[in-house]
Structures are given as structure tokens and as C-alpha cells.
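Colleague: Protein chains in written order, with the numbering used here: chain A, 1029 to 1150; chain B, 2 to 98; chain C, -9 to 101.
Please note: incorrect hints may appear among the correct ones.
Unchecked claim - Computed cross-link-like contacts, DSS-like style, restricted to lysine-lysine with a CA-CA straight-line distance of at most 25 Å:
#, chain 1, residue 1, chain 2, residue 2
1, C, K70, C, K86
2, A, K1091, C, K86
3, C, K60, A, K1128
4, C, K96, C, K(-1)
5, C, K72, C, K86
6, A, K1033, C, K60
7, C, K72, C, K60
8, C, K60, A, K1091
9, A, K1091, C, K96
10, A, K1113, A, K1143
11, C, K96, C, K70
12, C, K96, C, K72
I should point out that these hints are in silico values taken from the structure, not numbers from a laboratory.
All values derive from a computational prediction rather than experimental measurement.
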Amino acid sequence: MSEQKKSFLIINRCAPYGSSNARDALDVALTVSVFEQPLSLLFLDDGVLQLLPDHNPADIAQKNLSANLAMLEMYDIDQIFVCEKALQQRGLTSESLGLKARTLNATEIADLVRKHDQVLSF
Amino acid sequence: MTLHTLNKTPHESNALQDCLAALSDDDALLLIENGVYCAMPAHAELFTRLPGGVQCYLLQADVQARGLNDLNPEFRGIDYDDFVTLSCRYEKVVSWF
Amino acid sequence: MSNIIVAGKQIELDPEGYLRELSDWSSDVAEYIAQQEGIELTAEHWEILEVLRNFYQQFEMSPAMRPLVKAVTRSLGPDKGKSIYLMSLFPGSPPKLASKIAGLPKPTNCL
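This is chain A alone, in the form it adopts within the complex:
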């Protein structure tokens, strides 16, 4: 494997379960981390809804995304960012989320996108 590293930003913009986007993003995040590339996750728009705690999707026969996201820490994925405005629009605060995430304003989000080598959006 080449020693040269690229930094990845994965943007989550969709609510969980209604589509496969959230699962696909998690899949890519875990893969990037297995290749030991620096990785950040950014939750925008409806993507912030993925971070609500204590999902229980047994009755809709899907895998528990909040349990899976709790695993990110075991993969040393700790650069997690969330859009301040998206939280506000949905009556949420960073304390109401199941993961520890840093809240960003619009300028900080633009900075985050700029400073990563690769940006993948889901």
C-alpha cells in the first residue's frame, strides 16, 4: 500500500432508514478507516437525524444505525461534525445526540470541505 495518505470527508445529508444513504456512508467510512486514511464525518440537513440516540428498528427489519455509529470510536473515527443550523431547524441540540460531535457554522463547514483532499456526499 502506498504510504501517501489522503484525507477524506464524508458528508451525510439524509435521514436514516428511508434510504440506504446512511448505511452506505457508514460502509465507506469504515472502509476508509481500515485503509488508515484520515477521515472526518459531517452531518448536514436531514443527516443530523442519524445521530438521534436509541434507535430500535427491529419492527422495520433494519440494522440499528445508532448502535453501529457508537462503534465509530472503536475504529478511532472521532472527527465528527454537525451543522448548527440543521440542528436548530429540527429543534435539536448537540446534547440531544447519541454521538459526541462538534457543532459548526456555515463558514466552518466551508473550511472543513476545503481542507479535505476527497469529499464524498451521501
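Starting from the known structure of chain A, fit chains B and C onto it as the hints suggest.
Modeller: What follows is chains B and C alone, placed relative to chain A:
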């Protein structure tokens, strides 16, 4: 009388606005899948001017799946059997997606 | 891979030899699968399998190597939380082989 089902969040598309505009007196509105996010308290304002007699429901399995609590009390939680019953009780079902 | 019969019970496997139904797992099933993989399960194997099953219960996914090492370090200490140690117990790919014996799905995103 019509049963309207909605499966999108308020921000995902125009489905919610289009659905609200199409409601008539005594219709029913059922939130399913991502539609259940419409019942978060932050969006309660959107449901304050519904036509008369409109009953509001949400599918409990989808609420539970997403870890949602303390939702808009205008919406009553139902299960899949209730969904079938509602579909039969109303003349037609319109899906907003 | 075909199905197996353990303690009189027919158990379905997927084409790669992982259990189709996680609830089919038992210690007898673990012994059986391990034997087919050429492994005699010892106390040292079992404590890793337990860490793995706890991991799955908490996160609902099988871990790749790095998170497995981290979970073993937390449960059993840094001497066992090493990939070399895990390789000695479950040669080749410890996450894949140990998940198979522990009755869990094959880890995705695992090199």
C-alpha cells in the same frame, strides 16, 4: 374521504407542502417511514391550520426505529394492522413520496 | 458450504461457512466449526470469542482487526490486545475466522 400517506421529512422534498395543500375536511394523514420526522415538535406549526376533522396518525414502528420521543401530540401512533384498517375505511389512499 | 448437523440439530450455513441464523449458535456449534477450520478451542480462544460476541451485541456488527484489538485490550488487557496474539489463536484473518466460530456475520470492511 381520503387517507394521505407521507414518507418524506419536511426538508427532503416538497411532499409535505403538497400533501398539506391537498387535504380536505375529514381526510386522514398518516406519517410513515421518514415522514414520521414531520411530527417532531420543531415542525408543529405546520399542522396548526389543517382542514376540519382531519385525523393525524403515525406508524409507531417507524417512530421507534428512529429513536423519536415526545412527538407532536396531534398524531396518534398506530401499528401495521391499524394501517390496513385505515386503508379500508377511507375511499382512497393517496401516497405522497 | 453445506449445512451441518450438531447435537442432532440441522444448522444452515452461508456459502462461506458463516451461520445463517445467529440464534443457532451454541458452544457445540463453535467447537464443530473450529474443528473444521483445524482449531482446537482452548480457554484462550473462548475469551476472545466472548469479547467478539459482546462487541456484536453492543454494536450489531462484527469488528475488523483494529476495533477487535481495541476491544480485546479493553477486556483482557494490552498483552492480549495485539494482532500477533490474535493471529496465533486464529491464523490468517482473526476477525473473519473468530467471527465464523463465534456464530457472527462475516466482518465487512475487513482486509
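Colleague: Next step is simple, just say for each hint if it's right about the structure.
Modeller: Here is how each hint holds up against the structure:
{"no.": "1", "hint": "C:K70 / C:K86", "result": "holds, 18 Å"}
{"no.": "2", "hint": "A:K1091 / C:K86", "result": "holds, 20 Å"}
{"no.": "3", "hint": "C:K60 / A:K1128", "result": "holds, 19 Å"}
{"no.": "4", "hint": "C:K96 / C:K(-1)", "result": "holds, 22 Å"}
{"no.": "5", "hint": "C:K72 / C:K86", "result": "holds, 16 Å"}
{"no.": "6", "hint": "A:K1033 / C:K60", "result": "holds, 23 Å"}
{"no.": "7", "hint": "C:K72 / C:K60", "result": "holds, 9 Å"}
{"no.": "8", "hint": "C:K60 / A:K1091", "result": "holds, 23 Å"}
{"no.": "9", "hint": "A:K1091 / C:K96", "result": "holds, 15 Å"}
{"no.": "10", "hint": "A:K1113 / A:K1143", "result": "holds, 21 Å"}
{"no.": "11", "hint": "C:K96 / C:K70", "result": "holds, 22 Å"}
{"no.": "12", "hint": "C:K96 / C:K72", "result": "holds, 21 Å"}
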